[in-house]
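Since the structure of chain A is already known, use the hints to place chain B on it.
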Amino acid sequence: DVKVTQSSRYLVKRTGEKVFLECVQDMDHENMFWYRQDPGLGLRLIYFSYDVKMKEKGDIPEGYSVSREKKERFSLILESASTNQTSMYLCASSYGLAGRGNTGELFFGEGSRLTVL
Amino acid sequence: AQTVTQSQPEMSVQEAETVTLSCTYDTSENNYYLFWYKQPPSRQMILVIRQEAYKQQNATENRFSVNFQKAAKSFSLKISDSQLGDTAMYFCAFMKHEYDSGNTPLVFGKGTRLSVIA
Numbered sequence: 001d002v003k004v005t006q007s008s009r010y011l012v013k014r015t016g017e018k019v020f021l022e023c024v025q026d027m028d029h030e031n032m033f034w035y036r037q038d039p040g041l042g043l044r045l046i047y048f049s050y051d052v053k054m055k056e057k058g059d060i061p062e063g064y065s066v067s068r069e070k071k072e073r074f075s076l077i078l079e080s081a082s083t084n085q086t087s088m089y090l091c092a093s094s095y096g097l098a099g100r101g102n103t104g105e106l107f108f109g110e111g112s113r114l115t116v117l
Numbered sequence: 001a002q003t004v005t006q007s008q009p010e011m012s013v014q015e016a017e018t019v020t021l022s023c024t025y026d027t028s029e030n031n032y033y034l035f036w037y038k039q040p041p042s043r044q045m046i047l048v049i050r051q052e053a054y055k056q057q058n059a060t061e062n063r064f065s066v067n068f069q070k071a072a073k074s075f076s077l078k079i080s081d082s083q084l085g086d087t088a089m090y091f092c093a094f095m096k097h098e099y100d101s102g103n104t105p106l107v108f109g110k111g112t113r114l115s116v117i118a
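Protein sequence lines, in the order shown, are assigned to chains A and B.
Note that this note's numbering has the first sequence beginning at 1, numbered continuously upward.
Note that this note's numbering has the second sequence beginning at 1, numbered continuously upward.
Only chain A is shown next, with the shape it has when bound in the complex (with noise of 0.2 angstroms):
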């Protein structure tokens, strides 16, 4: 079965402080992507990555980046973290060209839930 691991299930931070969330992989997916979770808002997309080292913006990239140094791993990082960015944060991978079996599906973690004090 694919896995899709997020590091932290729970965590609360102060305000400035910078957060990092990791999450790992197991199926060698080449695309993996942050999605911010929040009620009557659905998911947004924060950033993606579709190769090692690559980065895309999503919809909502504002005051967070990532690192992606490794295939497995994809890291959402808070600079400075701000009590708007409170929220349920889901990590999903999912194979990349279509002739690797790209049916679309996205794998995704259990989620992290961020409470920014």
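Hints were generated in silico from the structure; no laboratory data involved.
All figures in this text were calculated on a predicted structure; none of them were measured in a lab.
Possibly wrong hints are sitting among the right ones.
[Stated by the list, open to error] Listed next, the in silico BS3-like pairs over lysine-lysine satisfying Cα-Cα at most 25 angstroms (straight line):
1) A:Lys-70 / A:Lys-3
2) B:Lys-96 / A:Lys-53
3) A:Lys-71 / B:Lys-96
4) A:Lys-57 / B:Lys-55
5) A:Lys-53 / A:Lys-71
6) A:Lys-55 / B:Lys-55
7) B:Lys-96 / B:Lys-70
8) B:Lys-70 / B:Lys-55
9) A:Lys-57 / B:Lys-110
10) A:Lys-57 / A:Lys-70
[Unchecked claim] Derived CB-CB ranges, DEER-like:
11) A:Asp-59 / B:Tyr-54: 23 to 33 angstroms
12) A:Val-52 / B:Ser-80: 36 to 46 angstroms
13) B:Ala-118 / A:Lys-57: 42 to 52 angstroms
14) B:Gln-57 / A:Pro-39: 32 to 42 angstroms
15) B:Glu-10 / A:Ser-67: 32 to 42 angstroms
16) A:Met-54 / B:Thr-3: 35 to 45 angstroms
17) A:Thr-103 / B:Ser-80: 19 to 29 angstroms
18) A:Asp-59 / B:Met-11: 41 to 51 angstroms
From the three backbone atoms N, C-alpha and C, an ideal C-beta is built for every residue, glycine too.
For chain B alone, coordinates are given in the frame of chain A:
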């Protein structure tokens, strides 16, 4: 840009009954995929069903089926014989299909919270 609209924030259904969740989308693309994902309470999101736009036949997966109306840009999910374990958030999603790259992210709707009542 593509948009996905789920007009029902919350729904409920009696156990063993049938329920239909609505989804509409807006796109100028001709090749794309549509998905329904399920997020049970405190559990991870999983794929329920997938539809390729070029296929006229509606996708089915056991008790789950879709009504795909391409011209109307509508993609509803029907759950038959509802079970307590179907209680979850359901998200409709769209993905543009690019044959040479396949790297387009999914666009999600805001979700429908479904409660199955015993």
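* Would the pair Lys-55 of chain A and Lys-55 of chain B pass a check requiring their Cα atoms to be no farther apart than 25 angstroms? -> violated, 32 angstroms
* Asked: Keeping to a limit of 25 angstroms between CA atoms, is the pair of Lys-53 of chain A and Lys-71 of chain A held or broken?
  -> Status holds; Cα separation ~9 angstroms.
* **Distance restraint hint 32 to 42 angstroms, applied to the beta-carbon atoms of Gln-57 of chain B and Pro-39 of chain A** => holds, 35 angstroms
* Starting from Lys-71 of chain A, check that the Cα of Lys-96 of chain B is at most 25 angstroms away, please. => Holds. Lys-71 of chain A to Lys-96 of chain B sits at ~24 angstroms (cutoff 25 angstroms).
* **Satisfaction of the hinted span 19 to 29 angstroms by the C-beta atoms belonging to Thr-103 of chain A and Ser-80 of chain B** => The hint (19 to 29 angstroms, Cβ to Cβ) holds, given that Thr-103 of chain A and Ser-80 of chain B are roughly 24 angstroms apart.
* Asked: Is the hinted pair Lys-57 of chain A and Lys-55 of chain B satisfied, with a Cα-Cα distance of at most 25 angstroms?
  -> violated, 31 angstroms
* Are Ala-118 of chain B and Lys-57 of chain A spaced within 42 to 52 angstroms by their CB atoms? -> Holds - the Cβ-Cβ distance for Ala-118 of chain B and Lys-57 of chain A, about 45 angstroms, lies within 42 to 52 angstroms.
* To do: Could you check the hint for me, namely that Val-52 of chain A and Ser-80 of chain B are 36 to 46 angstroms apart, CB to CB?
  => holds, 44 angstroms
* To do: With a cut-off of 25 angstroms on the C-alpha distance, tell me whether Lys-57 of chain A and Lys-110 of chain B pass.
  => holds, 20 angstroms
* Asked: How does the Cβ-Cβ distance of Asp-59 of chain A and Tyr-54 of chain B compare with 23 to 33 angstroms: does it lie in that range?
  -> holds, 27 angstroms
* **25 angstroms Cα cutoff - pair Lys-57 of chain A, Lys-70 of chain A** => holds, 19 angstroms
* To do: Take a look at whether the Cβ-Cβ distance between Met-54 of chain A and Thr-3 of chain B falls inside 35 to 45 angstroms.
  => violated, 26 angstroms
Of the numbered hints given earlier, the model fails hints 4, 6, 16, 18; all others are met.
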